[in-house]
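**Q** Listed below are the residues making up each chain.
There are 2 protein chains.
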Amino acid sequence: MRHEGFTAIHKKMLSLFVLASSLCSCLCRAEDSAMENIVTEKKAEESHRQDSADLLVFILLLTLTILTIWLFKHRRFRFLHETGLAMIYGLLVGVVLRYAIHVPSDMNNVTLSCNVNASPATLLVNVSGKFYEYTLKGEISGSEVNDIQDNEMLRKVTFDPEVFFNILLPPIIFHAGYSLKRRHFFRNLGSILAYAFVGTVVSCFIIGLLMYGCVMLMKQIGQLGGDFFFTDCLFFGAIVSATDPVTVLAIFNELQVDADLYALLFGESVLNDAVAVVLSSSIVGYQPEGDNSHTFEAMAMLKSFGIFLGVFSGSFALGVATGVVTFTKLRDFPLLETALFFLMSWSTFLLAEACGFTGVVAVLFCGMTQAHYTFNNLSPESQDRTKQLFELLNFLAENFIFSYMGLTLFTFKNHVFNPIFIVGAFLAVFLGRAANIYPLSFLLNLGRKYKISSNFQHMMMFAGLRGAMTFALSIRDTATYARQMMFSTTLLVVFFTVWICGGGTTQMLSCQKIRLIGPDGVERRSTKQESVWFFRIWYNFDHNYLKPILTHSGPPLTATLPACCGPLARCLTSPQAYENEEQLKDSDSDLILNDGDITLAYGDITVSTDATGAHTSGTPVGGVAVNSDEALDRELAFGDHELVIRGTRLVLPMDDSEPPLPLDSRRHRHKNETMS
Amino acid sequence: MRHEGFTAIHKKMLSLFVLASSLCSCLCRAEDSAMENIVTEKKAEESHRQDSADLLVFILLLTLTILTIWLFKHRRFRFLHETGLAMIYGLLVGVVLRYAIHVPSDMNNVTLSCNVNASPATLLVNVSGKFYEYTLKGEISGSEVNDIQDNEMLRKVTFDPEVFFNILLPPIIFHAGYSLKRRHFFRNLGSILAYAFVGTVVSCFIIGLLMYGCVMLMKQIGQLGGDFFFTDCLFFGAIVSATDPVTVLAIFNELQVDADLYALLFGESVLNDAVAVVLSSSIVGYQPEGDNSHTFEAMAMLKSFGIFLGVFSGSFALGVATGVVTFTKLRDFPLLETALFFLMSWSTFLLAEACGFTGVVAVLFCGMTQAHYTFNNLSPESQDRTKQLFELLNFLAENFIFSYMGLTLFTFKNHVFNPIFIVGAFLAVFLGRAANIYPLSFLLNLGRKYKISSNFQHMMMFAGLRGAMTFALSIRDTATYARQMMFSTTLLVVFFTVWICGGGTTQMLSCQKIRLIGPDGVERRSTKQESVWFFRIWYNFDHNYLKPILTHSGPPLTATLPACCGPLARCLTSPQAYENEEQLKDSDSDLILNDGDITLAYGDITVSTDATGAHTSGTPVGGVAVNSDEALDRELAFGDHELVIRGTRLVLPMDDSEPPLPLDSRRHRHKNETMS
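Residue numbers (my numbering), protein chains in the order written: chain A, 162 to 837; chain B, 162 to 837.
Rather than coming from a laboratory, the hints here were simulated on the basis of the structure.
Hints are supplied without guarantee of correctness; some may be wrong.
Each pair may be met inside one copy or between any two copies, as identical chains are not told apart.
Taking lysine to any residue pairs in the SDA-like style, the calculated list, with each CA pair at most 20 Å apart, reads [claimed, not checked]:
(1) LYS548 x ASP493
(2) LYS548 x ASN537
(3) LYS464 x GLU206
(4) LYS610 x TYR642
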């Protein structure tokens, strides 16, 4: 027996083991193993009970949150958003766990120490001839080795950070993609892409530089307790640059906010989540060759940029590909259809991760493509089921993350709160956001026919909440001093923005008079002037060729292809497209608002079958050959209606006394107001 | 540096570490830690990619299964059940993983061995002054230490057994409870309880005794390679005594099988899952005081019995309590309602586990109670949502378990296939099932007015499939030789019963002429004669008092309580009960078949409000005071309809050309057939 490896602290446990081992050695081999089994089983049982109790705490926390959300909605209390509420409950439970509960140090989690010279992922331990396998859980700081027993409980309620990335984030991001729909998004596509890509990168570098200055200052006055490289600062910039779609979606749906502003904010926040996650992983990958000094080097920078482009486009391609491929034909079996839809979406995530791309980004684009194509192929029942399923998953995951965020402020043991860094971070986040919004808006306004007005810009500045993605990115790695300081600071940033900015959005909106002032150019036909030329080309291609091939909606290919391609077209168009025509109109009308415009909207589709000589239904408005600005306009318009209606009904069905006005009537009202 | 602990096998890895550590030691401390971080990150990333790829294999397996199920349903191929299909796919993938794929031994999973004298749950490893935490994964047999690198991949696709118990099994069991509904179940309650409790215990002991004989024989001829105690035999008896509700539900819904037979089989298989899990844990807990000889002792036996009763009644009480407590009033917010319903069901499981009861059992009774009470309180949208959600979870979990079962036959490394034990087990399982069904049926027939006919008995004998629960119980602990042998044998038993018995059920049914022969006493009014007195008392209490208090359905208390209790009744009855009356009729009619009998069924409910002088609707049939055999009969009858209809629509919506006949018309057909 070799006890040299034991530290002095473990003497007590050691004596127990000596006792146990001497006890064991006097029993025969068989009884020994039987005894060991029982001890192991008891241990496992105890640990399992503890795990169940821990999980139960979270479930009850969620239950409490749901009940309070209901109460708030019921009483129309809107100064605190539900995610902010979840955080408060998490905070309270965290305080209780940290200060009120003391777990007696029990014998089941005895710890042993042995001196080896490496920390492999798997460790084989030889216990009197038997081999036990151990897996690496993580590093423990020297100061914690002393009270490892006391911290057992706190560490138990600390989840593996990968849980957030692999289990909780995907449904949230997928749901965002699945509910991000057409008209106003595509109308503002250029601006959204600019804010999300250029803006996020600008914000990341601004914050990174400012924080580096801050870190230099701290180093000067001796407040820095560990390494903090420039790449760390950039990493911090990347993770706090991502704005959160959750609160935007909830608050802006509830209030009848201008649709363009909504599209800008929601579109930006969804896409910049994707940008931030790829950006941060590229920065981690930024490592000058054969050098550990973390200095700036052009080659590594370029490589990093290459990684960014590669990962992003790979994830994008994968997400779109899966979304396009998943066209289910199991219409008669909604259960199978829903299960397949769910599994395919999940496998996009896994496939991307396995390929080294970013699953979250892939899932986002998968959701967007599936909403565009696959949704049309689903049976009406499956359309409802998938919507409801992802809505539920999103709701649970989101509230869980926010309560966990609150909880972790007290239960996470390695917090590094540094006042200078925190103040610097708040300032940097503010300036980074400003450097994203105002200059970009100015540049965009040069090209836009309908300008992004200054109150819109202020609103976008104000509503840049940080949320689930920022938290997940920062908790993913808290191994070093720099990362720990970032994590603590990030938590405070998220708390502040969700509580103050989230809670104040309503006030800010009325203060900026956004609800009352109709923006220029919200006319329904305005897409014609607004949309960019490449988008129009893509739209026509999509409408005439992709949709007919991939879904059962849209005009049959026989109508859109030139007459010479007739046989090919008939071959590619599924017979179902003609057969199911009646049915399809129904299932598609589920997508759009039932406001009497349906026949108009589908005029260009239904007339098309005339070309095959099969049957003509509906009133031809302009024939298939139109495919045109009108069709585009109408389709996007309905997509938008859906977004407004679905969002309101699903996310915050609060205004039951005052149902959300259809966009049209709202616009009329706007017009009347501006006219009077 | 101390290298004595390294075994000779790890020399190669050792040299790597020496290299790495010497490399590290010449770098300064900061760079060292930075380097280490990068190595750790790379390691973690690699491991994460591998995990994603492994999970992807399972997802694709499930996708393939779904597509094939669809094909089978489409082509009306019914000789192989979908669970059997999932197993076959799992087997194929297992073969590929085992024999076709060779992972080159990579540097990321280097293994290290150190000699210590115990195997604690947590291990602290001191690597040049830094502490790393390791957690116990399990024991590795001596022969495997050599090829641990080769087996890395196989072990990666091996799930933690607790995943089955804590993640996959609960939704399956909950769904079984949630879809187990009234009429025929309660009509046959006595018989079902007898089969499930007495029968399973009898079967467990018969199998245990037979296997002990078998083990003795093996010991005599020297075929036993390790310990095998009598308690192990009993444990084996307990785990293989549980029949599986999955296949019964699927197959019997598809065919129009006699409802009583269906109720007997389904009720028994649902309840005996609960009995088996508690029984097996009691047997594990059976440990004569201060004795490791595993001999029989009366006190320990009694204690074990006490554990059984305690755990079972505790779980039962907890499940029922949660089910009763969850009455949601969030009707305006279906999303919140569904989320709450889901969380409460899950917290039942966790609460039971944390209390030391059995979560699966608690979840079963929670599901049954929620179907009985909470379901009536949900808004129509939430009723659909919860049904669909649990249906989907059940479908995914079930198919996952069955494919994993197939996979594990090849990827599990510690199989012990012993021909004598296997043959003995098959014989014992057969005899155990026979000893359950035939003697009990004989005894039950003495008391039953409508006998369980012999072809029913043969059918019950034949349809005793073993499935998910048996697998989960046997994979839960495969640490000892005995358990490994049990696990391997159990796998074969499950394969055989699912493929042969499951696939042959259709043939067996037509062979036993069960589909054609109408059983005695399927008259609708027969509940009067059949049901046991205590059930009638409970039913009246439930109908008159519990339902009005807990749900918004049923007669208001003002009508059912004596006149003197008027004020109390008015206080307890929610005003909603009167207000929502119209709406409630609608939401309840969703539960039952729309065959014109609805007004009749709710006659006794709607008339009741007359007592309050509020409004009278519907045609009074017998008044509230009836509460009686007729009301009971009618309500149960409709519950049964629901079961048939829901089941057919949800689980196997195959007969689209020949929609399932409502029970009535079927009965009329039976009558006509027997009359002619």
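**Q** Indicate, hint by hint, whether the structure satisfies it.
**A** Hint-by-hint comparison with the structure:
{"no.": "1", "hint": "LYS548 x ASP493", "result": "both (18 Å within a copy, 18 Å between copies)"}
{"no.": "2", "hint": "LYS548 x ASN537", "result": "within (13 Å within a copy, 24 Å between copies)"}
{"no.": "3", "hint": "LYS464 x GLU206", "result": "between (50 Å within a copy, 19 Å between copies)"}
{"no.": "4", "hint": "LYS610 x TYR642", "result": "neither (49 Å within a copy, 77 Å between copies)"}
The structure fails hint 4 only (numbered hints given earlier).
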